[in-house]
Amino acid sequence: MSGKVRPVLLILAIIVILTLLNACSTTDGKSASSFASPAATDSPVSAITSAADISSIAEIPPALVTREFTLAASDVSFPAMVPSQLPAAPGGFIRRWGVYETAMVWAVDKPELENRLITGWEMDPDGLGWILELKQGVQFHGGWGEMTAEDFVWSFENEIKEGSIHSGIGLARANEASATAIDKYMVSVRLTRPNSFFFNAFFSNGAGASMKIFSKKRIETLGIDDAFLDLSGGTGPFVFKKWAQGEEVILESFGGYHGTPSQVTTVHILEIKETATQIAALKSGQVDASLVPAPLAKDLAKEPHLGTRSFGIPGSQRLYPQGQFCMETTLSGESLDPYPRPGYDPSKPWVGECGNPVSQENARLVRLAMSMAIDRQSIVDNLLGGFGRPSYLPEVLPPLLDTVWQDKWLIPYDVGAAKILLAEAGYPDGFDALVRITTGSHPLEIEMGQAVAQFLQALGGDIRTEVLTYSGNRPSVVARERSDLWFRSSSAGTAEPPELTQLRRNPENAFNPGLEIEEPLAIIRQMDTLMSEDQLNRIREQLYDAFRHNQWIIPVVLADQILGVNTDKILEWKMTTGSGYLGDFQNIKFK
Amino acid sequence: MRFLVGRIIAGIVTLLVVTMLVFGLSRINGDPRSLLISEDTTIDVWDELGREMGLDQPVYRQYLIYVGNLFRGDLGDSTLQRKPVTEILWSRIPNTVRLAFASFLFALLLGIPLGVLSAVKHGRWWDRGIRAFAVLGQALPVFWISLLLIYVFSVGLRWVPVSGNAGWTSIILPTIALGWFGAAGQVRILRSSMLDVLNSEYVRFARAKGLPSRTVIWKHAFHNALIGPITFAALTLAGMVTGSIVVETVFAWPGLGLLAIQAVNNSDYPILQGLILLVTLVYLIVNLMVDILYLIVDPRIRSSD
Amino acid sequence: MTHTVVIGESHWLHRWPVIPVVMLAILIILAVFAPVIAPYDAKLGALEDRHIPPMLFGGDSDHILGTDGLGRDIFSRIVHGAQISILTTAVALGIGGTVGTFLGILSGYFGGWVDELIMRIVDIKYSVPLILIALSLATILGSSIGLLFGLLAFMVWGQFARQVRAEVLSIVKMDYVVAARSAGASPARIMYRHILPGVAGTVAVIGTLQVGAVLLTESSLSFLGAGVPPPTPSWGSMVAEGRLYIDTAWWVSLIPGVFIGLLVVSVTLLGDWIRDHWDPRFK
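Residue numbers (the working numbering), protein chains in the order written: chain A, 1 to 591; chain B, 1001 to 1305; chain C, 2001 to 2283.
If you are wondering where the hints come from, they were derived from the structure by calculation, not from laboratory data. Just so you know, nobody snuck in bad clues.
Distance windows between CB atoms, simulated: (1) B:Gly-1006 to C:Arg-2193: 28 to 38 Å; (2) B:Leu-1055 to A:Glu-162: 16 to 26 Å; (3) B:Phe-1071 to A:His-305: 48 to 58 Å; (4) C:Ile-2019 to A:Pro-428: 49 to 59 Å; (5) C:Thr-2098 to B:Ile-1028: 20 to 30 Å; (6) C:Phe-2110 to B:Leu-1157: 55 to 65 Å; (7) B:Leu-1157 to A:Ser-310: 23 to 33 Å.
Beta carbons are placed, not taken as given, at the ideal position from N, Cα and C, and that holds for glycine.
Can you build the whole structure from these sequences, using the hints too?
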């Protein structure tokens, strides 16, 4: 049969084709998706060429041995090196990883702001602005020259201009912020209304809106499109050597850094999505550090070469009872469109009818009952292995909490009392509900969300759960379409309370996690820069009282972040108190 | 020839149907702008971005524009990375091809000898052991096998790295994980084909004629037994898409499978659309090749077509 | 080429179906009587009871197979999961098999443009990467059992359609069918009385062979987040849930994995046996 020969030929053909495909497509990472740093010259060079060796700018002292450090991350997003194109997430990366810097940073040892790119600042007597004095002699990576007030002003304006997707624009526009260069190293920033959040939001490293200083010359020379992908132009202790989207990032220490040079010369950040693989990589020594889910921490610490510790600011895990859309206009009176919001559903027990005080009070009782049915301590002890603590206010700033905390804000765990409240509200047998758990923030998010649903089950109804990616869920939240219970997790917190973060993004109406409520916005509206700390704290107390009373957002727990490191290699690693996320590689001290 | 033309037309129709499907999916999900900008931007920023992304047109026009671009080889830009989808796909293809190639070879190199051995040593311990491996190999979830391999060989024995694409050793575990299923399948199919052939009149006759065992097995039995395994091989190649998504995720192998997961997590529909189109194209080509093979091999089908 | 069924050492072959049938029977009994057998609620647990090892490995008699990450009893989840996994497989194969067989019969019987159309649709179905569609749909709509049924049924119907069609093509040439046709019997009657019984064997074999594929796909989908939504237990999602603890609370993943293996092995061996003994022409 002639058929005998052909099948063999066909298999050989398949093998040959695959071999050819294989051979002609072999690259070693210098593919189009990875970005390369420019060649080391004084004149600016456009990017995406070969990955040139930048050791000539780095000027590594010969005595220093190359110290490499490898980190596992579950998401390596993309660079977008133009302020107006920089949404919060990758902006956070380039800031934390020490490539771009902000005016001030939170110190590592205490929750205080320290100067970084400025040497000092002063508030204007009318409380409507600040004068910032810039540090002199700060060099941009890639030979783009010295940082001056022009760069500062340019970065500011680019971040808040029309068409920008930066998360600081809401705050800036609401207060009509502007910046001007007074001198080569002096900048004046002015608002039309006093706002106590503005300074921290823009000039510290603690928030997604924090302003990073970009080189005006670089972006004007390269043009926005090329600058978007170009890897040069920061001021920090590290330079991007390579960025392969979804794979890895390589940082190299910058010899011309204006501050203390880093002991680490090269940082590899590997993206490993699967948590189990991350842990395996840590155990096998392929990476030197990684975040560790709480239940595995004790076990990991038993390995002789590994150590764990909690660090940074714990992430807030909370439940949003969505659908509370009772604002018809913004605080300033502009009407909201469409109204009523698509997601407004008064039949939901936690929503109630807008404008109906009885209905609203019942809804409040329902939310309170839900909150009281959650055994927060049990989640901390059992799920988080003790790495965390119950959360009673949607509030995560530990120092602030320490000084202003009052026990009246505690929420007792009492299912019996909760059921009585429910009966009062008209739901003696409980109610059915859907808990949506979004993923992508915390390795234990699904377990925590299920635990919450399990606790709510005790109230009598049927609680279903649904799991969705965060980005899959977001469009419907933005469109104000949702009225279910949304369990939202965060892996880390910022120096700013997260709900205040939401509020200061858009003080006019948005309280975006599926609710729009006037009362807390109005309280916060009272805060301004001219107030003393005492006055501010009194308003904060008002705010927290209101949150505790109404449970507009149901807090669950604060979950510590745990870092696992190779203790054979790493001696010390201090991180800024301002940001909960991993970074500050320049502070790593090796053994 | 008429057959080929018909298949090609059918292929194009398939691709269009698939594009419509995915295009529709992305529209159901909601407005892509919500993923790019914070919720508090003013309405003109929203509109401006919409104009830039072509979202101000009615859906059917957006679709037609998309298809028009397809014919020019333009798959659009990734919403997250703002880079052309073609560029991103192109950069990831080599890794997936390498993994598919290695697993394909692994499945053949492991499966064929074991299948033959099992058939020849039918009934004895060899056979039972190999059959056990084969059945087990097709009964365990891929991600489980992957994690197990990592824990035994990377963490436990430290023989190979856990993940990524860090050197030639990195491909070993993903290859085994991905090829395992194929190898097991090959063993079973080849074994059963071989057994049938070994007991056929033709082979008995050859044996009776006194031909040496080796000749009988390899020259006569093996070739005749190959049809099933070949079809299986071609189909596993196409079917490696599912497996590669899981394997690439567990091993952080930067290929198309991992790209798919990233695109889904980020709701990056241009990439997802491009990926689905690409995979569909590959499937169509492989199926076409298998059909041609059948035509060549079995004239009976050709005449009844 | 003649296809002779290998009898060989007959005692092996005759023994094989006993073991798979027994395993299968046990699993089905567990599934059917789950509400009675399960000592605890499969969906609710107490956080304090998190990760208790199985009885013989340091646990206690309260939870013979231990507990999972949320304190739920694993044995209860296994038997309820048996229900779900077997139900999922049965529904997927049921829907997919019915649709596929129906279309295959139509295709083989009528031939012509009907055949062309149906086969082209099958080609389209084969060309679409199911898993990517599944993930996209799960992202948009949220994962649900209904979605899962649909996806899995979609996965299998093509195989049925193709194989049944091939079978029908040879059946319609048989004398009794030709006779019935020329006698003026309606197509529906012929398909029901003559063709359907003829393809039953093929359908049964395909069905058993697909069980493994369906179960494993369900498991992979759960791993990727598109499977049975929590807290409903399915073996696949149980394995996925325990994957962080493979070397600490290993039983959470291992036990459901073993059960998946048992089910797939027994059904596959049974399918092999059916094929070897019942339908010798099947290749």
